[in-house]
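Taken in order, these protein sequences are the chains called A and B.
Be aware that the first sequence starts at 1, since it is given in this note's numbering, and climbs by one per residue.
Be aware that the second sequence starts at 1, since it is given in this note's numbering, and climbs by one per residue.
Read the hints as simulated data drawn from the structure, not as lab findings.
All of these numbers come straight from a predicted model, not from anything done at the bench.
Beta carbons are placed, not taken as given, at the ideal position from N, Cα and C, and that holds for glycine.
Warning: the hint list may mix true and false statements.
Claimed, not checked - Distance ranges between label pairs, derived from CB positions:
| no. | chain 1 | residue 1 | chain 2 | residue 2 | range |
| --- | --- | --- | --- | --- | --- |
| 1 | A | D51 | B | P162 | 27 to 33 Å |
| 2 | B | M111 | A | E106 | 56 to 62 Å |
| 3 | A | N180 | B | R262 | 34 to 40 Å |
| 4 | B | E86 | A | E106 | 27 to 33 Å |
| 5 | B | K264 | A | E35 | 33 to 39 Å |
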Amino acid sequence: MEIGYFPGCTLKTKATGLDDSVKDTARVLGHELIEIPDWTCCGATFSLAADNVMALAAPVRILANARKVGDKVVTVCAGCYNVLKRANYAVRHDEEKLKKITDFIEAEYVGDVTVLHYLEFLKNEVGFDAIAKLVKRNLGELKVVPYYGCQMLRPHKELMFDDPEAPMMMDELLRAIGCNVLEFPHKVECCGAFLTVCTDPSARAGSAAGSGAAEAGSEAGVEDVARGAVSECSFTILDAAVRRGADMVVLTCPLCQFNLDSAQEEIQKQRSNFKKIPIVYFTQLLALALGLDGSKYALDAKHHYVDPSEVLKAKVTA
Amino acid sequence: MAKMKRKEAGRRPSRPAKAARRTKGAAKAKVAARAARRAAPARPARPVRRAQAARPTRPAGAAEALRRAAAATEPAGETAPGKMVEIYVMGKRYEVPEGLTIQKALEYAGMKLLRGCGCRGGFCGACGTVFRKEGDYKLRVALACQTVVEQGMHLAQIPFYPAHKKNYNVDELPPTLEAIVQNYPETMKCLQCNTCRKVCPQDIEVMQYMAAAMRGDVAKAADLSFDCIMCGLCASRCPGETVQYHVGLLCRRLYSRHIAPRAKHLERRLKELAAGKFDKEMAELVRIDLAELKKRYDSRDIEPEDADEPEEDSSGEVND
């Protein structure tokens, strides 16, 4: 069966392993994910200003384009899922807003596309039991903690994904493909999110105009504070995972992946006894479990700050 | 900068495959079909311009363009002598003969075009114009040299837009998202509202190439923006203050410098030039007087049969 697919920009740049593993695993499970026509950036964050209609133009146009493929669209990036689903909710519950946006983007859309996270798609359209039957490799030695982050869970009223305080969907899938899933109370903690790209706007305006080193200095200062906060948030999550004896943290959000992965160098500098732990996408493990060629999905040192390949080699068996 | 431009011009044959295909004989029917499709009565000048713009760099296109540019500067309005239309130029009313291009109408009204007028052939992008029709709220855009005046047109010329523009050395930039964001950080303020697409007189998918640029797809951004004539109308209407046309140009430069396969015939020609193949002819041109030089220029053969291009190059296959 063919189904509309919205990859999002990050899956075409930093998270190609996520993109490839989603498409390939869907194919093994009997579904062809078709990239929806003329997709653009979704906006990356959902605007919290209730009257910011402009920010809804891009996601609603994406949904209108998705309608050309079918009545469902699958996405896997937690950020894109959050934006598309909330935009859909916003226009479904506000006819005037919908009219304003469709007039502006000059496209027909009536809110009739369902936005599905790939996890929801696997659970509801494929079934975890059916997936379990197709498992080709043994992941039983692999101790994993699922990490959900914020974007796919909250606000629950709009996303209706899973229990926002104790989600289990990824736990269930990882169990279905044979992983040793550990209970993980930190699965919905914040990783530091967009603080990782924080810069001093005044310094950036200065450097854009080509001015000197003084602004560059203050920019580094702000960035240091923000990166420090990301390190602290990430440390709480990672340390809990390590102390539970996990081999890796498994997630679905490229921003969480970047934060949790890239922060570890800095954490280790400050806490010499900190043990590094690889961060992988659930679809990468799914690809391995379904017998796909593991070398195709960026599970290596080139695409990770903490290389997951050795532990996978040791613990995933035929 | 000048050096870089020259290098850039030298590499023009190595452009995105789509544009290269357009210039091939086999694609001519497609070009004609496109032109015919666009020959809507509401936009009488478009088919002429599109036909040229579809193949802007090949010698064949250039010759055609010169002929058409010459035709565009001919006095028009002969088909309906005496019939006048009212137009408003920056709010002031003028009566001009029906059938003139906006550019000719401005001149008929007594204006001397020092800026905002370049090639008169729909190539240079200097004569970007915003207009509105009587009784219609919609702002429309056109190239003044390619669009015929209509009764009740309200016109404003946008000869230049002071958009953010960077100097960079394309040799030192990687063909990546980082290069785009470093030079034009405002690119990421794009809201994908598509306003740029609505004002593009070249019908380019501006928002789409910006979307490609925002995910670092330099090749796609270069391809989609290929027909851009740098009029700047996209930037003039952008709520995110992005500079689409300069981002597109950066992507085309990055593409041609770092991604496109090199044109072998060009490298051969450069070697021949360095070896002095045309030194004798060049020395003669320098020696002769101005009158003789003008005479030779006027009688030159634009597409000489003996252009000395090897077979595989003229077929375009080398560049695909």
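Quick rundown of the hints versus the structure:
The hinted window of 27 to 33 Å between A/D51 and B/P162 holds, with their beta carbons roughly 31 Å apart. Distance hint check for B/M111 and A/E106: the Cβ-Cβ separation is about 35 Å, which falls outside the suggested range of 56 to 62 Å. A/N180 and B/R262 have their C-beta atoms about 54 Å apart, which leaves the hinted 34 to 40 Å range violated. At roughly 31 Å, the beta-carbon separation of B/E86 and A/E106 lies within the given 27 to 33 Å, and the hint holds.
The hint said 33 to 39 Å for the Cβ distance between B/K264 and A/E35, and at roughly 35 Å that hint holds.
Checked against the numbered hints given earlier, the structure breaks hints 2 and 3 and satisfies all the rest.
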